[in-house]
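Starting from the known structure of chain R, fit chain G onto it as the hints suggest.
Residue numbers (my numbering), protein chains in the order written: chain R, 1 to 110; chain G, 111 to 220.
Just so you know, the hints here were simulated from the structure itself, not pulled from any lab data.
C-beta: ideal position from N, C-alpha, C; glycine also.
Treat the hints with care, since some could be wrong.
Chain G is faced by these chain R residues, among others (derived, beta-carbon under 7 Å) [said to hold, decoys possible]: (1) Gly-63; (2) Glu-78; (3) Trp-79.
Simulated DEER-style distance windows between Cβ atoms [said to hold, decoys possible]: (4) Met-1(R) <-> Gln-114(G): 49 to 59 Å; (5) Glu-130(G) <-> Ala-50(R): 33 to 43 Å; (6) Met-1(R) <-> Glu-178(G): 36 to 46 Å; (7) Val-46(R) <-> Ala-119(G): 20 to 30 Å; (8) Ala-119(G) <-> Asp-13(R): 51 to 61 Å; (9) Thr-163(G) <-> Arg-11(R): 18 to 28 Å; (10) His-89(R) <-> Asp-123(G): 41 to 51 Å; (11) Glu-21(R) <-> Thr-128(G): 52 to 62 Å.
In case you want the letters, here they are:
Protein chains: 2
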Amino acid sequence: MLHQGQCEACRKDAPRATPEERSLWGQEIPHWTVVQEHGVDILERVFTFANFTQALEFTLRVGRMADEQRHHPSLLTEWARVRVRWWTHAIGGLHLNDYICAAKTELLYE
Amino acid sequence: MLHQGQCEACRKDAPRATPEERSLWGQEIPHWTVVQEHGVDILERVFTFANFTQALEFTLRVGRMADEQRHHPSLLTEWARVRVRWWTHAIGGLHLNDYICAAKTELLYE
Numbered sequence: 001m002l003h004q005g006q007c008e009a010c011r012k013d014a015p016r017a018t019p020e021e022r023s024l025w026g027q028e029i030p031h032w033t034v035v036q037e038h039g040v041d042i043l044e045r046v047f048t049f050a051n052f053t054q055a056l057e058f059t060l061r062v063g064r065m066a067d068e069q070r071h072h073p074s075l076l077t078e079w080a081r082v083r084v085r086w087w088t089h090a091i092g093g094l095h096l097n098d099y100i101c102a103a104k105t106e107l108l109y110e
Numbered sequence: 111m112l113h114q115g116q117c118e119a120c121r122k123d124a125p126r127a128t129p130e131e132r133s134l135w136g137q138e139i140p141h142w143t144v145v146q147e148h149g150v151d152i153l154e155r156v157f158t159f160a161n162f163t164q165a166l167e168f169t170l171r172v173g174r175m176a177d178e179q180r181h182h183p184s185l186l187t188e189w190a191r192v193r194v195r196w197w198t199h200a201i202g203g204l205h206l207n208d209y210i211c212a213a214k215t216e217l218l219y220e
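Isolated chain R, as found in the complex:
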């Protein structure tokens, strides 16, 4: 299970996720989509809440998990939603770390 994984330090020569890995790992995080920005693939999900306070608390929970994993997302906090994005700067794309962190993010929402 992805959510039980731990991020490894990611170097520039680390392998990007293959299409087969993306398909396999994606089954564990069905609410996430791959979007592109400036040619970089990014895992994204928008989480919705009843109000800003709940959205902010979720941002904090995801941020603390990210610090523990030493892997850092983009967190867009708005009135009643948080857009979470995971990708790996060092390789300019998606790594197993991103799928692990997306799965851990899901657990923080439940």
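Here is chain G on its own, set in the frame of chain R:
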């Protein structure tokens, strides 16, 4: 001083900031710029930090201030930066509230 103000409940018929007010109030928050998104004017500043933890803590401080003021920003938290945006949904643009909250945000960074 703007940062000593308190946000008032903003209705759809509340007045947008005039060009003269923007110019005057803008002098108190010189690091902020007005950007446009989907035709809506937005006050924006990007704050930089030494790491993600500091960025996340700043997001939390701004978010708590926002809840106190009952006026809510867009907060984009990334590795070592936070992009803060203030605008007023109800009037589709900038209100005194946004300048007050931008000034209060500055104080939280100092």
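*Residue hint Gly-63(R), partner chain G, criterion CB-CB below 7 Å*: 4 Å, holds
*Status of the given 49 to 59 Å range, CB of Gln-114(G) versus CB of Met-1(R)*: With a Cβ separation near 52 Å, Met-1(R) and Gln-114(G) satisfy 49 to 59 Å, so the hint holds.
*Quick one: are Val-46(R) and Ala-119(G) within 20 to 30 Å, going by C-beta?*
Cβ of Val-46(R) to Cβ of Ala-119(G): about 28 Å, so the range 20 to 30 Å holds.
*asked:* Given a hint of 51 to 61 Å, does the C-beta separation of Ala-119(G) and Asp-13(R) actually sit inside it?
replied: 56 Å, holds
*When you take the CB atoms of Glu-21(R) and Thr-128(G), is the distance between them in 52 to 62 Å?*
56 Å, holds
*Has the hinted range 18 to 28 Å been met by the Cβ atoms of Thr-163(G) and Arg-11(R)?*
Hint holds: Cβ distance 23 Å, inside 18 to 28 Å.
*His-89(R) versus Asp-123(G) beta-carbon gap, inside 41 to 51 Å or not*: 46 Å, holds
*Go ahead and decide if the range 36 to 46 Å is satisfied by the Cβ distance of Met-1(R) to Glu-178(G).*
40 Å, holds
*Does 33 to 43 Å hold as the CB distance between Glu-130(G) and Ala-50(R), or does it fail?*
39 Å, holds
*Given Glu-78(R) as an interface hint, is the shortest Cβ-Cβ distance to chain G below 7 Å?*
5 Å, holds
*Can the hint on Trp-79(R) be confirmed by a CB-to-CB distance to chain G that is less than 7 Å?*
At about 5 Å, which falls below the 7 Å cut-off, the nearest Cβ of chain G leaves the hint on Trp-79(R) intact, so it holds.
This entry satisfies every hint, going by the numbered hints stated previously.
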